[in-house]
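Trainee: In case you want the letters, here they are:
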Amino acid sequence: MRTDKKTLIVFSGDLDRALAAFIIANGAAAMGDEVTMFFTFWGLNILRKAKKVKTQKDFLQRMFTWMMPRGPSRLGLSRMNFGGLGAMMMKKVMKQQHVMTLEELIASAQEQGVKMIACTMSMDVMGIKKEELLDGVDFAGVASYLGEADEANVNLFV
Amino acid sequence: MRTDKKTLIVFSGDLDRALAAFIIANGAAAMGDEVTMFFTFWGLNILRKAKKVKTQKDFLQRMFTWMMPRGPSRLGLSRMNFGGLGAMMMKKVMKQQHVMTLEELIASAQEQGVKMIACTMSMDVMGIKKEELLDGVDFAGVASYLGEADEANVNLFV
Amino acid sequence: MRTDKKTLIVFSGDLDRALAAFIIANGAAAMGDEVTMFFTFWGLNILRKAKKVKTQKDFLQRMFTWMMPRGPSRLGLSRMNFGGLGAMMMKKVMKQQHVMTLEELIASAQEQGVKMIACTMSMDVMGIKKEELLDGVDFAGVASYLGEADEANVNLFV
Chain A
49 MRTDKKTLIV
59 FSGDLDRALA
69 AFIIANGAAA
79 MGDEVTMFFT
89 FWGLNILRKA
99 KKVKTQKDFL
109 QRMFTWMMPR
119 GPSRLGLSRM
129 NFGGLGAMMM
139 KKVMKQQHVM
149 TLEELIASAQ
159 EQGVKMIACT
169 MSMDVMGIKK
179 EELLDGVDFA
189 GVASYLGEAD
199 EANVNLFV
Chain B
49 MRTDKKTLIV
59 FSGDLDRALA
69 AFIIANGAAA
79 MGDEVTMFFT
89 FWGLNILRKA
99 KKVKTQKDFL
109 QRMFTWMMPR
119 GPSRLGLSRM
129 NFGGLGAMMM
139 KKVMKQQHVM
149 TLEELIASAQ
159 EQGVKMIACT
169 MSMDVMGIKK
179 EELLDGVDFA
189 GVASYLGEAD
199 EANVNLFV
Chain C
49 MRTDKKTLIV
59 FSGDLDRALA
69 AFIIANGAAA
79 MGDEVTMFFT
89 FWGLNILRKA
99 KKVKTQKDFL
109 QRMFTWMMPR
119 GPSRLGLSRM
129 NFGGLGAMMM
139 KKVMKQQHVM
149 TLEELIASAQ
159 EQGVKMIACT
169 MSMDVMGIKK
179 EELLDGVDFA
189 GVASYLGEAD
199 EANVNLFV
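Chains as they are written, first to last, in our numbering: chain A, 49 to 206; chain B, 49 to 206; chain C, 49 to 206.
Hints may contain errors.
[Said to hold, decoys possible] Lysine-lysine pairs mimicking DSS-like chemistry, simulated, CA-CA at most 25 Å apart:
id, chain 1, residue 1, chain 2, residue 2
1, A, Lys177, A, Lys97
2, B, Lys140, A, Lys105
3, C, Lys139, B, Lys178
4, A, Lys163, A, Lys178
5, A, Lys177, B, Lys140
[To be verified] Part of the chain A face toward chain C, derived, beta carbon under 7 Å:
id, residue
6, Ile71
7, Gly75
8, Met137
By construction, these hints were calculated from the structure, which means they are not laboratory data.
Glycine is no exception: its CB is placed at the ideal position from the N, C-alpha and C atoms.
Modelling step: build the complete structure from the supplied sequences, incorporating the hints.
Mentor: And the structure:
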């Protein structure tokens with residue numbers, strides 16, 4: 049176990065929880081920690097490209113991905129979203145307060161070398177293909193997560 | 049602290065979060081780790097028997113348990129459930145992708161010796177009785193959880 | 049790392065999740081552990097004073113805080129809240145079962161020396177001012193949380 053390694057499972061695809069996860073990840077990386085984020089289930093939506101990508105999927109997978117938000121700009125809040133109005137309000141306040149946007153936090157995490165892993169089993173279940181996710185994302189399963197977590201001293205499930 | 053011990057608090061009773069918890073638990077057990085899952089609040093519903101069990105409860109407890117899902121087959125998704133349609137869709141895709149069902153994951157966890165503890169304080173609050181839960185489940189409180197967590201190197205709250 | 053230190057990030061402002069967090073915090077403190085709770089996003093509402101406090105805010109911040117619950121007595125459940133009816137029912141059963149209320153758990157945590165930190169960045173985003181939060185609460189950012197977590201052996205995200 050190393051005191052300079054952290055892992056986060058990002059299960060949630062809500063804007064507020066994604067912000068919390070990336071603020072922690074960037075904070076830890078800025079302090080010199082090695083950080084691994086493991087994206088699973090709804091959390092995969094955070095990594096999706098905003099543009100539609102042509103893919104081969106069966107009907108149910110197509111339905112699922114069609115109904116889910118493509119990327120950080122389309123995420124909603126876990127509470128008080130009111131069809132996107134709440135998310136819009138929060139982004140506006142964040143701008144006024146000079147807080148980084150989720151898009152900026154993701155870019156900063158990548159620049160700081162935060163490792164982002166997409167859970168392949170969840171990708172199969174949600175019908176999300178590799179080419180739909182941000183460049184630089186790795187792909188692995190639960191065994192890989194456990195290996196990383198065994199080395200870290202802080203492991204969170206968001 | 050041992051690097052071969054993990055604990056999970058399963059607070060949520062959503063199908064998707066339950067799947068995530070049991071995939072981690074099974075993965076860790078398969079790698080030789082000792083795993084303890086501590087079920088509390090809505091998470092207790094995951095352990096309920098599908099059949100109705102006759103019990104002595106007062107009115108409010110009866111109301112609560114009547115409104116909550118009995119067992120893994122009746123759980124909904126935390127997002128996009130649409131009255132059960134989302135859960136049905138996800139189960140269908142999981143079958144197509146040869147991913148184990150939650151019922152199979154629970155059985156596998158039990159076979160692998162994953163320790164499942166139901167939080168007795170939550171059981172009192174939710175009105176859930178011992179005989180309503182799966183055989184093989186243990187019963188304990190927060191002190192017991194903390195004792196287990198102190199021995200583990202990965203502790204998650206799902 | 050010390051085996052007698054725990055941290056909790058309290059992200060959620062739901063009554064049930066707040067109860068879980070404070071039951072763990074009080075349990076650990078009772079066993080002699082040093083406990084730090086870090087309140088962020090919706091979790092800040094748990095620490096709000098029930099009385100309205102006069103503050104200087106701009107329009108959006110005023111909207112946000114006006115729509116969010118002021119303090120533990122006004123929180124709802126994450127599931128089956130039914131406009132507050134579910135929360136009322138749960139509180140009633142808790143009373144019958146002689147379980148401490150959230151207000152009592154917070155007071156007990158303060159008496160036991162549990163350190164409560166409000167995340168200053170979230171306060172800016174949610175428009176919550178220092179004078180609106182309980183006396184005795186500290187104020188800090190993510191770096192402070194990471195410093196505390198590095199010393200603890202159990203770190204949860206609720």
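Trainee: State for each hint whether it applies.
Mentor: Right, here's what the structure says about each hint:
1. Lys177/A / Lys97/A: Holds: Lys177/A and Lys97/A sit about 11 Å apart, inside 25 Å.
2. Lys140/B / Lys105/A: Roughly 14 Å separates the two Cα atoms, so the pair holds.
3. Lys139/C / Lys178/B: 22 Å, holds
4. Lys163/A / Lys178/A: With a Cα-Cα distance of about 16 Å, the restraint between Lys163/A and Lys178/A holds, given a limit of 25 Å.
5. Lys177/A / Lys140/B: Cα-Cα ~18 Å, so holds.
6. Ile71: Since chain C brings a Cβ to about 6 Å from Ile71/A, closer than 7 Å, the hint holds.
7. Gly75: Result: holds, 4 Å to nearest chain C Cβ.
8. Met137: Status holds, d = 6 Å.
Figure legend: structure checked against the earlier numbered hints; every hint is met.
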